[in-house]
Amino acid sequence: MFAVANVYVNFLTKQYEELRMARYDVSHDGLTNLLNYDSFHSHMNELSQKSSRHQIICILDIDDFKKFNDTYGHLEGNDVLVYFTKRLFAEVKAHFGELASVYRFGGEEFCVSVHGVTVEDCLEMTDKLAEELRTKDYVTATGDKITVTFSGGIALGCDKKDIKTVLREADKALYYSKRHKKGSVTCAKDLEKKSTDTDMPLSY
-7 MFAVANVYVN FLTKQYEELR MARYDVSHDG LTNLLNYDSF HSHMNELSQK SSRHQIICIL
53 DIDDFKKFND TYGHLEGNDV LVYFTKRLFA EVKAHFGELA SVYRFGGEEF CVSVHGVTVE
113 DCLEMTDKLA EELRTKDYVT ATGDKITVTF SGGIALGCDK KDIKTVLREA DKALYYSKRH
173 KKGSVTCAKD LEKKSTDTDM PLSY
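Note that the sequence shown covers residues -7 to 196 in this note's numbering.
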């Protein structure tokens, strides 16, 4: 009787583990182990049911990644993505713990979603990440040392904005950084001020 019960428990344990792994595979990116775009889409749907007040979206994009791929190949490019991911995830968790989640959009683009912190807190995190990347170059298989940099955009939600608007603002801020000053992080609120100061709409 005990042997039968033990076999049954082992069977249930195996089934549970297989189900857990299947769910993990569906929700996570296979290369970086970050939450994937489908998970981010689900996250946005959940946030859309709430006020976006105190919700921050930070989008980061590795600079000149296509050029790196063209020079060193896609396998080396994948290693760079893993290298960047480990440092990004470590900095996010060190600063925000369980308040934040990190996603890979695809390609070289990543997103951090965090609630209950300030834009200044996020800028501190990205500054620390940039410093970490500057002090620890990526070394290619051929021995070349590459300093990986990134551009970013940050947007803060409020009662008057839905989460999709916050996401669009972060995306616009990112592309402002990439077009005007690679290796920098732009805040959406500063972008709005630039637009007001020049009295001309910015085009993207």
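These are calculated hints, taken from the structure and not from any lab test. Backbone N, C-alpha and C define an ideal beta-carbon position, used for all residues, glycine too. Wrong hints could be hidden among the right ones.
To be verified - Simulated restraints, written as ranges between beta carbons of each label pair:
1. L115 / D151: 19 to 29 Å
2. H33 / K58: 18 to 28 Å
3. K137 / S34: 22 to 32 Å
Hint-by-hint comparison with the structure:
| no. | hint | result |
| --- | --- | --- |
| 1 | L115 / D151: 19 to 29 Å | 23 Å, holds |
| 2 | H33 / K58: 18 to 28 Å | 25 Å, holds |
| 3 | K137 / S34: 22 to 32 Å | 39 Å, violated |
The structure is inconsistent with hint 3 alone, although it conforms to all the rest.
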